[in-house]
Amino acid sequence: MIQFSNVSKRYSNGYEALKDVSFQLDKADMAFLTGHSGAGKSTLLKMIPLIERPSAGSITIDEKPLAQVKRRKIPALRRDIGIIFQDSKLLNDRTVFDNVALPLLVSGEHHPREVGRRVRAALDKVGLLQRENDSPIYLSGGERQRVGIARAVVNRPKVLIADEPTGNLDPTLSREIMLLFEQFNQVGVTVLIASHDLELIGAMGKCIMALRNGRLLAGEGRPHR
Amino acid sequence: MRLKRTKQKPPRPAAQRSQVGVKQRLRNYFALHFHVLTTSLAQLGRSLGGNLMTIMVIGIALALPATLHVFLSKVDSLGASWQESAKVSLFLKASLPAQALSGLMTELNSWPEVGSLEYISPEQALEEFKQTSGLGDAMEFLDQNPLPGVVLVSPALAHQAPAAVESLLQRLSQRSEVDLAQLDLEWLQRLFGLIKLAERAVLLLGGLLVLAVLFVIGNTIRLAIQSRHDEIEVVKLIGGSDAFVRRPFLYNGMWFGLFGGLLAWLLVNVLLVNLDEPVRQLAELYGSDFSLGLVDIKTTLLLLLLGPLFGLLGAWLATGRHLRAIEPS
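As they're listed, the protein sequences go chains U and W.
Heads up: the first sequence runs through residues 1 to 225, numbered per this note's numbering.
Heads up: the second sequence runs through residues 1 to 329, numbered per this note's numbering.
Read the hints as simulated data drawn from the structure, not as lab findings.
Ideal placement from N, C-alpha and C gives every residue a C-beta, glycine not left out.
Be careful, since some hints might not be right.
[As the list claims (entries may be wrong)] Each computed BS3-like pair below joins lysine-lysine, with the alpha-carbon atoms no more than 30 Å apart:
no., chain 1, residue 1, chain 2, residue 2
1, U, K206, U, K70
2, U, K89, U, K206
3, U, K158, U, K64
4, W, K23, U, K70
5, U, K73, U, K89
6, U, K70, U, K27
7, W, K298, U, K158
8, U, K46, U, K27
9, W, K130, U, K73
[Claimed, not checked] Derived coverage of chain W by chain U (criterion: at least 3 residues anywhere in the stretch with Cβ under 8 Å from a Cβ of chain U; other residues may be distant):
no., segment
10, 48–60
11, 163–169
Using the sequences and the hints, build the whole thing.
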């Protein structure tokens, strides 16, 4: 599903964020990416939706090399990937419903009735259906993050990536968010989550990949459990 | 806090998505365009104060060349109607016998280019001169009448174009009975020359003002892009194409142009209404019933079409330049 082969990333200022990283995630795998701040977790995640491109090595998703994806094809690639951020990146001038509906509008493949049905199903899944008409500014941190998750899954992506999705949440909320990810993983979505909360990800019993100074400590091949 | 547990099945993964037909895609595409069209209008209304200023600038910039264009086209049409009444004056030789005069009149009447003829004898001319010049008493001291006989030749309807009248003038001036052939409307031709010059100036001024409109709209859209930087980044992150991101800004520019065009139309009409009375009074002094009236249908359509077009163009230039620079990070 997702394969990194000897991927390195060197920024224009000379900083090497990733060094020779190789791993593979199969369909319906769920894995955590951990490491200290600046270890390269975010850089690695950004390469999957082509926010960043590798300086060396290759990445394939569904056996399609990302190096071959032209600029104008990047939106289509991103529509198959659900992305969740630590700060949830919601649009405060729109309602919760409109935020979650955005990926469906962007894809342009859905009738308004279908959009409504899907958005409500996604909000129901994250337990926020009753807040659909609220502005995100009235939501708590956990609620905002769940809206972000609803937005990421509403278009039924093949892959979910999350960068420190529980970074701003207390342990109970963090656990609930992780359980949500697990539920999506159980229906066949490949999930990759970057988190430095070792206690939390350890409790999930999933694959863990550790990065240190841009290198994957677990070595090449499948991530270790 | 507990997450709400539902019996609903989790979403199916992407691989299981239903395929959408071309017809449905088209329907969704137009529905999306309509949605963006209405939301961009609503957005314009939400910050009406600032947007009104932009619309006014666009309106005034479009109104200036539009007013000049309307004014010149009115004068042009007035000149054309005067052109239709152009007459050639044939000043006959002093010693022309009556028989030759009669022969000339008969021959000219048979020419297809000639519509009508009017003969003014030297006596009639003198009488008229005495009455209009105020030099009647002075004329009494002259031994003989110095004025020649004059034949006024009006071109036929089909031969009233400037070139045809010019050709008739040439032909008449070569007649042996004629001392001098003169076209009465040479001053009108000079006026036409001035109008042509003014039209060119209006065209150049219009071009400059259109550039100004493009810059104003482009700058407004640039500010809108900056203020929605985060939104654009999010939309691009979730797979929004350049066209999708650009669309609301294009509609925004189109609305600015449309409202600017409407305002320009209104301003031009207000100007014409205000100028109409003094122009009418001035025209009356020259024996004309000329009036400015209101903006004609052609100019109205031009303003209402060009306004949105310039808006779209300005927005396109601004989005092309600034949207590309915003990428998720």
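Verification of the hints:
1. K206/U x K70/U: Given that 30 Å is the threshold and the Cα spacing comes to 34 Å, the pair is violated.
2. K89/U x K206/U: 27 Å, holds
3. K158/U x K64/U: 14 Å, holds
4. K23/W x K70/U: Cα-Cα ~27 Å, so holds.
5. K73/U x K89/U: Answer holds: K73/U to K89/U is near 23 Å, not above 30 Å.
6. K70/U x K27/U: This hinted pair holds, its Cα atoms lying about 24 Å apart.
7. K298/W x K158/U: 56 Å, violated
8. K46/U x K27/U: 19 Å, holds
9. K130/W x K73/U: Violated. K130/W to K73/U sits at ~91 Å, over the 30 Å cutoff.
10. 48–60: violated (count 0)
11. 163–169: Check failed, 0 qualifying residues.
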